[in-house]
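Undergrad: Sequence:
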Amino acid sequence: MIALLFAFPALLLLGALVVYPVLFSIGRSFFDASGDRFVGADNYTEMFRDPATLKAIRNTVIWVVVAPALLTGLGLILAVLVEKVRWATAFKLLLFMPMAVSFLAAGIIFRLAYDQDPGKGVLNAAAVSVHDAFSGTSSYPTARARTGGPGGLTRGSDGSYTTEAVRPGSAVAIPMVGVLPKDLPKNAAPAYPASTRGPASGEVSGVVYLDFTPGGAGTPGKVDRRESGLPGMKVEAVSGGTTVASAKTAADGSFHFSGLHTGSFVLRLPASNFAPPYQGISWLGPTLVTPAIIGAYLWIWTGFAMVLIGAGLSTLPRDTLEAARMDGANEWQVFRRITVPLLAPVLTVVFVTLVINVLKVFDLVYIIAPGPVQEDATVLATQMWLVSFGGGNNQGLGSALGVLLLVLVIPAMVFNVRRFKESQR
428 MIALLFAFPA LLLLGALVVY PVLFSIGRSF FDASGDRFVG ADNYTEMFRD PATLKAIRNT
488 VIWVVVAPAL LTGLGLILAV LVEKVRWATA FKLLLFMPMA VSFLAAGIIF RLAYDQDPGK
548 GVLNAAAVSV HDAFSGTSSY PTARARTGGP GGLTRGSDGS YTTEAVRPGS AVAIPMVGVL
608 PKDLPKNAAP AYPASTRGPA SGEVSGVVYL DFTPGGAGTP GKVDRRESGL PGMKVEAVSG
668 GTTVASAKTA ADGSFHFSGL HTGSFVLRLP ASNFAPPYQG ISWLGPTLVT PAIIGAYLWI
728 WTGFAMVLIG AGLSTLPRDT LEAARMDGAN EWQVFRRITV PLLAPVLTVV FVTLVINVLK
788 VFDLVYIIAP GPVQEDATVL ATQMWLVSFG GGNNQGLGSA LGVLLLVLVI PAMVFNVRRF
848 KESQR
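Every number in the working numbering is 427 more than the matching position in the sequence shown, counting from 1.
If you're looking for bench data, these hints aren't it; they were derived computationally from the structure.
Note that this is a predicted model, so its numbers are computed, not measured.
For each residue, glycine too, the CB sits at the ideal point set by N, CA and C.
The hints are all genuine.
Here are the computed lysine-lysine pairs in the DSSO-like style, where the Cα-Cα straight-line distance is at most 30 Å:
#  : residue 1 : residue 2
1  : K787      : K482
2  : K519      : K787
3  : K613      : K649
4  : K675      : K661
5  : K613      : K547
6  : K649      : K609
7  : K613      : K661
8  : K661      : K609
9  : K649      : K675
10 : K519      : K848
11 : K787      : K848
12 : K649      : K661
13 : K609      : K547
14 : K675      : K609
15 : K613      : K675
Okay, the calculated beta carbon distance ranges per label pair:
#  : residue 1 : residue 2 : range
16 : P478      : D754      : 57 to 63 Å
17 : S709      : E758      : 37 to 43 Å
18 : R571      : G596      : 26 to 32 Å
From just these sequences and the hints, can you work out the full model?
TA: This is the structure:
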């Protein structure tokens, strides 16, 4: 009686906060949205016909398969490696520190980190830097050629621009407009009229320039001394559809081709000169939003898995490990044939605990996934909330989703409890 008396407050709270809500939700799942009409199993039937619910189940399966396995593997590897590190305690503290961050704060952090704008999202800033280092970037993404009229060019279907036919010994001026001041290179120099270049026989020379004079005093299609050349612009000489020569413009926008055979050519500014800048990866798009959120979850929970597995690792019999080394086993063989089998009970408990946790994941998905892709990232917990309170206002269907979530969690909980009892025995 005394034991029951002391246990009564805990049992009361357990009944009020767990048992009663579970029983109420089970009963509520058999009624319609208003809660007045008994509909039997209609909510469960509708649940498995709803495309959004099926997508939530699919995403939940992805979470259960991927996240616990990755976390358990990472935790095992880090726990083994930490034993080799001199400052092991500090290293464990750094890895465990994200556990002190709330899911709300972590979601906001990763929502910013995954931002599509490289000026805000650190991951896309890194992706853009690496891309531009190897592939380069377009010189003038907003530029366009002046078409029609004197000195005008013809725009191709691929975004390139071509001049009229020219012959060796000719000089060509190629006018451009629409260049933003920030895109004008610092080494840009005033342009000179192409005719002053005096191309020799077999050469074609020219200038690519910004056909804009401050104050509007210039003449369209003609080089004015107050107009700037466009350095770094790629120019190609094309004959019969084949590029026979290419050059890049100098600081004053000038270029020339030499050694051209007799005949006519057209000069082309390839579309690569005007390609929009690389904007990085759409982390929060429909394709990558679920892996991106799983990445945030790994950042938070890796320290948890490492600490639990590390605690199990510290209890392993050292004489067994040393005996294996004395018998000639290398570190990989010791790890694979002795450490992992001895840690199997701990790894199982960590894995199942993480399975239970990912089945209930809600905060990260709701915060990180933008509104347009919320449905692509939804899991059972978020779908239950959305159906019940987030606009669906159908607590009958939401309760059915809650019961489904409970049914999925119970086997993992029972397994964990049995493993815990076995470890005590």
